[in-house]
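Please put together the full structure from these sequences, using the hints given.
At position 59 of the sequence shown (counting the first as 1) the number is 59 in this note's numbering, and the numbers step up by one without a gap.
What the hints contain is simulated information worked out from the structure, not anything from laboratory work. We treat Cβ as the ideally placed atom computed from N, Cα and C, and that holds for glycine. Misleading hints may appear alongside valid ones.
If you anchor each label on the Cβ, the simulated ranges turn out as follows [claimed, not checked]: (1) Leu320 to Glu38: 41 to 47 Å; (2) Phe308 to Val278: 19 to 25 Å; (3) Glu246 to Arg206: 18 to 24 Å; (4) Lys66 to Val314: 27 to 33 Å.
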Amino acid sequence: MPELRKDPVSNTWVVLAPERKRRPLFYKPTSEDALSPEDCPFCEGNEEMTPPEIYALRESPSEANKPGWRLRVVPNKYPALQVEGQLNRAGEGLYDKMNGIGAHEVVIETPSHTKGMEELDDGAAADILITYKRRILDLKKDIRFRYIQVFKNHGSMTIATIPHPHSQIVALPVVPPRIQEQLTQAKNHFNAKERCIFCDIIHHERNYQKRVLEENNDYIVISPYAPRVPFELTIYPKQHNASYEETPDSSLQLLAGLFKDVMGKINKALERPDYSIVLHNAPFTGECAHYFHWHIKVMPIIAGVSAFDLGTAVYINPYLPEEVIEILK
1 MPELRKDPVS
11 NTWVVLAPER
21 KRRPLFYKPT
31 SEDALSPEDC
41 PFCEGNEEMT
51 PPEIYALRES
61 PSEANKPGWR
71 LRVVPNKYPA
81 LQVEGQLNRA
91 GEGLYDKMNG
101 IGAHEVVIET
111 PSHTKGMEEL
121 DDGAAADILI
131 TYKRRILDLK
141 KDIRFRYIQV
151 FKNHGSMTIA
161 TIPHPHSQIV
171 ALPVVPPRIQ
181 EQLTQAKNHF
191 NAKERCIFCD
201 IIHHERNYQK
211 RVLEENNDYI
221 VISPYAPRVP
231 FELTIYPKQH
241 NASYEETPDS
251 SLQLLAGLFK
261 DVMGKINKAL
271 ERPDYSIVLH
281 NAPFTGECAH
291 YFHWHIKVMP
301 IIAGVSAFDL
311 GTAVYINPYL
321 PEEVIEILK
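See the structure below:
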């Protein structure tokens, strides 16, 4: 069973999941198409190569775990956390640990082996975003879980192991440190000013404009004032909303169109880079609805992380955010 262990100095949890070593590496840095569709576990017709589906969008009347789907959600074959069991929090000397209880799901975004979300039609792209919402709503019913992380790795530089377009959903029994840091800062800002810090950022950037890539009726895309990595972008809903899963489907359809535009600009400017995408959402514990604001981080990978960055958590970025917007536009 996986295990969570807490570092008493940094106050952070680490997931130890030895089973993950068994994952096959299909994504080779020297060959973008190292895995053929015939051998890909995520391609249509190879459904028996994955665990049974949890959720799917299918053309009626196709049978579960058979061809005929538009999108599938399956348990990760090599999960970082497992659903079965109890947390069993325990001490080991001065250390804290618990069983690695959680959920780890894979969203197979399309039957196509090569089409990214930006290449799908608007309806198919919206299906992906709405599926995230559906799965979060289902997983948050489990009282053992405190946070759900939705993320996507694309390309060999992001440690993605399968090139077929997919994203992942991990339910955690703890609130991650990065989210906890955001919650603390947002709460302090709200206590001092009775305003959401994220709403203040949106208001300021809309007035300033030089760090705004684009916007529509519901969303705005910003190059952050202090980006950690080159070409980092943040997508915010304009209306205050702490929880992604409370977003109407109609709004997520608008988000899909915007996201396709953003990824198209990144691919054009940076020649189809590897990238990571993460959803920062409100946890299920505590009252943060007034001061937290969900958002999506898009982070192209054009350079490695240095030892200085890792050692200090002070990131060196050669690109000004205003310059990034000029390049992408």
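Against the structure, the hints:
1. The supplied range of 41 to 47 Å is met by Leu320 and Glu38, whose beta-carbon atoms lie about 46 Å from each other.
2. Remark: the range hint 19 to 25 Å for Phe308 to Val278 is upheld by a beta-carbon distance near 23 Å.
3. Between Glu246 and Arg206 the Cβ separation comes to about 23 Å, which falls inside the hinted range of 18 to 24 Å.
4. As the Cβ distance of Lys66 to Val314 is approximately 51 Å, the hint placing it in 27 to 33 Å is violated.
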